[in-house]
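Protein chains in written order, with the numbering used here: chain W, 37 to 262; chain L, 317 to 584.
Honestly, the hints are just simulated from the structure, not real lab data. Fair warning: this is a prediction, and the values are worked out from it, not measured in the lab. For every residue, glycine included, the Cβ atom is placed at its ideal position computed from N, Cα and C. There's no promise every hint is true.
Taking beta-carbon pairs under 8 Å as the criterion, some of the chain W residues facing chain L (in silico) [said to hold, decoys possible]:
1) V101
2) P105
3) H119
4) A122
5) L201
6) G205
7) D220
8) A224
9) S225
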Amino acid sequence: MAIDWQAFCLTLQLAITVSAILLVLGLPIAHWIAFSHRRWKFLIEAVVALPIVLPPTVLGFYVLVALGPRSPLGRWWISLTGHTLAFTFSGLVIGSILYSLPFAVQPFAASFAGVDRKLIAASATLGASPLRTFFRVIMPLSVPGLITGTALSFAHTMGEFGVVLMVGGNIPGVTRTVSIDIFDRVQASDYAAANQTALLLLAFCFAVLAVVYSVNRRAWVVGPIK
Amino acid sequence: MKRIAEDMRSFSCTLLAACIFLSATCGGAQKNKIAPDLFVAAAADLSAAMKEIGDGYEKKTGVKVKFSFGASGALTQQIQNGAPFDLFFSADMDYPRQLIAASAADGTSLYQYAVGRLVLWVPADSPLDVEHQGMQVLLDASVKKIAIANPQHAPYGRAAVAALKHTGLYDRVADRLVLGENISQASQFVESGNAQAGFVALAHAVAPGMRGKGKYSEVSEKDYPPLAQGVVLLSRSQHKREAAQFLEYVKTKESAELFRKYGFTLPQ
Numbered sequence: 037m038a039i040d041w042q043a044f045c046l047t048l049q050l051a052i053t054v055s056a057i058l059l060v061l062g063l064p065i066a067h068w069i070a071f072s073h074r075r076w077k078f079l080i081e082a083v084v085a086l087p088i089v090l091p092p093t094v095l096g097f098y099v100l101v102a103l104g105p106r107s108p109l110g111r112w113w114i115s116l117t118g119h120t121l122a123f124t125f126s127g128l129v130i131g132s133i134l135y136s137l138p139f140a141v142q143p144f145a146a147s148f149a150g151v152d153r154k155l156i157a158a159s160a161t162l163g164a165s166p167l168r169t170f171f172r173v174i175m176p177l178s179v180p181g182l183i184t185g186t187a188l189s190f191a192h193t194m195g196e197f198g199v200v201l202m203v204g205g206n207i208p209g210v211t212r213t214v215s216i217d218i219f220d221r222v223q224a225s226d227y228a229a230a231n232q233t234a235l236l237l238l239a240f241c242f243a244v245l246a247v248v249y250s251v252n253r254r255a256w257v258v259g260p261i262k
Numbered sequence: 317m318k319r320i321a322e323d324m325r326s327f328s329c330t331l332l333a334a335c336i337f338l339s340a341t342c343g344g345a346q347k348n349k350i351a352p353d354l355f356v357a358a359a360a361d362l363s364a365a366m367k368e369i370g371d372g373y374e375k376k377t378g379v380k381v382k383f384s385f386g387a388s389g390a391l392t393q394q395i396q397n398g399a400p401f402d403l404f405f406s407a408d409m410d411y412p413r414q415l416i417a418a419s420a421a422d423g424t425s426l427y428q429y430a431v432g433r434l435v436l437w438v439p440a441d442s443p444l445d446v447e448h449q450g451m452q453v454l455l456d457a458s459v460k461k462i463a464i465a466n467p468q469h470a471p472y473g474r475a476a477v478a479a480l481k482h483t484g485l486y487d488r489v490a491d492r493l494v495l496g497e498n499i500s501q502a503s504q505f506v507e508s509g510n511a512q513a514g515f516v517a518l519a520h521a522v523a524p525g526m527r528g529k530g531k532y533s534e535v536s537e538k539d540y541p542p543l544a545q546g547v548v549l550l551s552r553s554q555h556k557r558e559a560a561q562f563l564e565y566v567k568t569k570e571s572a573e574l575f576r577k578y579g580f581t582l583p584q
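Here chain W stands alone, though its shape is the one from the complex (with noise of 0.2 Å):
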């Protein structure tokens, strides 16, 4: 077996580490999506699905570039943690937390939107703070789509490449993730190490979707009346 083990778990630390960072700063984002009624809401919006329609070399451009060592932003992140973000496991998780972003708010924000409004204007009514009736009432009818939001990202960071590609440095370890290893191998003409490394991270990514996908079905959420 020619498979790069330290690749496939520093990916999966990747991915997991970025869909649940995701989870939690995907919510507020995705509640002021779905409920806000300014009218600029137009624009987070853009901003929020940008990194679906931008390849992944610009968000690399600008993190080796805009926030390198020569930038003012760079320079203060080198004062906090002492190291650039190019070339580490947290520039990785920052760059993945980007360009995932997508696709953690925009099934939590469509799955908010669908929560009916009276029941929610029903626990206001109750007594109920915003805090309350989001984690009481909101939040468990939206399992659905938290469960397909936090799947996608966690998929979608561990298929990444390009961001990678840029700004990792390809070190063992800390940044040579599976789509850098399967690339590698193609380049050196090792077709057998990049066909079993390949077909493992398609199968494993296959699975995990099946289980949740097979999960979400059985309707989760938890109904106001039974």
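Once you have looked at the hints, place chain L on chain W.
Relative to the frame of chain W, chain L by itself:
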């Protein structure tokens, strides 16, 4: 019902017209050329030098040369898998030989066009005195990351590793190496300041993009096997005659001067 049928018909007519129009313009654009374009795969260290040579050739003959720069190993892969290049300028002699052995290139056309040089480069504002201390600066505590090209498929990366091993520094710096996809990306890592030092091609260090932005010292020739760079004509080429003519131009004195300008030495 009739309205729907009419709508469908007018829609399909418009679609058909659009398709014909598009294929005519795109197809026509290719066939109207008197002199065909040449597609040349070239190692990343040639990005500055080859563009000038290509421009000179176009002025002289009207043949436009289009370049695709990358790591020699990556380009070899693409060519073996059918990429439609006419010529391949590698940063070594092994990759062209690999292609010849695989019948993807013409063995009689193999020509050593230049010898590349490796340098150790640091940004201009770096406190490291690379010009006098050479590779010893890599042991300094401020050097957190050292950029090299990926030795698995880039000749300059292999040369950098060889030089580090030859001077006994490899084990002490191995954990601080960051690998660029090719020598251009390695240069970019150090030029942007993300790596504190890097092994780059002399051709890049003297090219307009990096010139004056840093200090460098040439790695001693005895520390690494010479970067003898070879070119081959590819079997899949649709324009072998034009490709051979361009190759002849690359062998002339004019081109030799351009190679020298970018720090390459000519094999004698």
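Discussion item. Of the numbered hints stated earlier in the document, which are not met by this structure?
Written reply: none
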